[in-house]
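In case you want the letters, here they are:
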Amino acid sequence: NAGVMQNPRHLVRRRGQEARLRCSPMKGHSHVYWYRQLPEEGLKFMVYLQKENIIDESGMPKERFSAEFPKEGPSILRIQQVVRGDSAAYFCASRGQGASTGELFFGEGSRLTVL
Amino acid sequence: SQQGEEDPQALSIQEGENATMNCSYKTSINNLQWYRQNSGRGLVHLILIRSNEREKHSGRLRVTLDTSKKSSSLLITASRAADTASYFCATDARGAQKLVFGQGTRLTINP
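Protein sequences appear in the order of chains A and B.
Sequential numbering from 75 applies to the first sequence in our numbering.
Sequential numbering from 185 applies to the second sequence in our numbering.
Simulated from the structure, these hints should not be mistaken for lab results.
Fair warning: there could be bad hints in the mix.
[Stated by the list, open to error] Distance condition first, Cα-Cα at most 35 Å in a straight line; then the derived DSBU-like pairs of lysine-lysine:
1. B/K253 with A/K101
2. A/K125 with A/K136
3. B/K240 with A/K101
4. B/K240 with A/K118
5. B/K254 with A/K136
6. B/K210 with A/K118
7. B/K254 with B/K210
8. A/K145 with A/K125
9. A/K118 with A/K101
10. A/K101 with A/K145
11. A/K136 with A/K118
12. B/K253 with B/K240
13. B/K240 with A/K136
14. A/K145 with B/K253
15. B/K240 with A/K145
16. B/K210 with B/K240
17. B/K240 with B/K254
18. A/K118 with B/K253
19. A/K145 with B/K254
20. A/K145 with A/K118
21. B/K240 with A/K125
22. A/K125 with A/K101
23. B/K210 with B/K253
24. A/K101 with A/K136
Computed from a predicted structure; not experimentally measured.
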């Protein structure tokens, strides 16, 4: 049973380009979270999605950032017109059903470097 | 803003000693969780303690929760070099439907 799969693990983009980060949750999980981590810091919540729905996007910048979790396929975090400040590690996590937030299963992260 | 605040930010001890990390939070919670992150890797769940629990054990880990003080502690007994990692507390605030992470404690175990 594969864990949470993220790709690419490393991505280099020039300023103004687009970055697309993918996350396949654990089998059977329908809740996906995206977090961002700067070096030597904690994880900052970005967005919480269930299949085809955005539940909470309060941590996501209003411009240039978008996320989706379609009925079929992985969740995608998209960053348009990247700037140097977008350089960070982006982690995806998934969980199974349940009213409160139980254990999250994390991927290994996608490390974005903007030149 | 971050919900959890951990201290110390960094801790360095000798192998075999016990390591204690503390976490404070601000709002009412459903549960509090501790995670570990090795350098360059994703987070791994260690233990979850519910708001109606006061103490929980798992192997060499002991977690306490004091909801009146809005604080938790993680104790790692008989530390090993392989315990070197960053440790994060995360809170599931009531009504929030997400985990909010603290800044973490960087633990170094010296052989």
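Verification of the hints:
A C-alpha spacing of about 38 Å is found between B/K253 and A/K101, which places the hinted pair above 35 Å, so the restraint is violated. Restraint check for A/K125 and A/K136: the C-alpha separation of about 21 Å stays at or below 35 Å, so the hint holds. Among the hinted pairs, B/K240 with A/K101 is consistent with the structure: their alpha-carbon atoms are about 29 Å apart, no more than 35 Å. For the given pair, B/K240 sits about 26 Å from A/K118 by alpha-carbon distance, which is consistent with the 35 Å threshold.
For the suggested pair B/K254 and A/K136, the alpha carbons sit about 32 Å apart, so the restraint of at most 35 Å is met. Proposed proximity of B/K210 and A/K118 is supported: the alpha carbons are some 16 Å apart, at most 35 Å. Taking the CA atoms of B/K254 and B/K210, the gap is about 7 Å. The hint holds against a cut of 35 Å. Distance restraint check for A/K145 and A/K125: the Cα-Cα separation of roughly 6 Å lies within the 35 Å cut-off, and the hinted pair is therefore satisfied.
Annotation: proposed proximity of A/K118 to A/K101 holds, straight-line Cα distance about 25 Å (limit 35 Å). Pair hint A/K101 plus A/K145 holds up; C-alpha atoms about 14 Å apart against a cutoff of 35 Å. Restraint check for A/K136 and A/K118: satisfied, since their Cα atoms lie roughly 15 Å apart, inside the 35 Å limit. Between B/K253 and B/K240, the direct Cα distance comes to roughly 17 Å. Compliance with the 35 Å bound is thereby established for this hinted pair.
The hinted pair formed by B/K240 and A/K136 fails the criterion: a straight-line CA distance of about 40 Å is larger than 35 Å. Between A/K145 and B/K253 the alpha-carbon distance is near 43 Å, which puts this suggested pair outside the 35 Å criterion. Proximity of B/K240 to A/K145 is assessed by CA-CA distance (about 38 Å); at most 35 Å being required, the pair is judged violated. In summary, the hint linking B/K210 to B/K240 is supported, as the alpha carbons are separated by about 21 Å, within the 35 Å threshold.
Taken as a hint, the B/K240 and B/K254 pair is honoured in the structure, with Cα atoms around 16 Å apart against an allowance of 35 Å. Among the hinted pairs, A/K118 with B/K253 is consistent with the structure: their alpha-carbon atoms are about 24 Å apart, no more than 35 Å. As the CA atoms of A/K145 and B/K254 are separated by approximately 39 Å, the hinted pair breaks the 35 Å bound. For the hint linking A/K145 to A/K118, the alpha-carbon distance of about 26 Å falls within 35 Å, and the restraint holds.
For the hint pairing B/K240 with A/K125, the CA-to-CA distance comes to about 34 Å; that is within 35 Å, so the pair holds. Proximity of A/K125 to A/K101 is assessed by CA-CA distance (about 13 Å); at most 35 Å being required, the pair is judged to hold. For a cut-off of 35 Å, the pair hint linking B/K210 to B/K253 stands: about 9 Å separates their Cα positions. Annotation: proposed proximity of A/K101 to A/K136 holds, straight-line Cα distance about 30 Å (limit 35 Å).
Hints 1, 13, 14, 15 and 19 from the list above are not met by this structure, while the remaining hints are.
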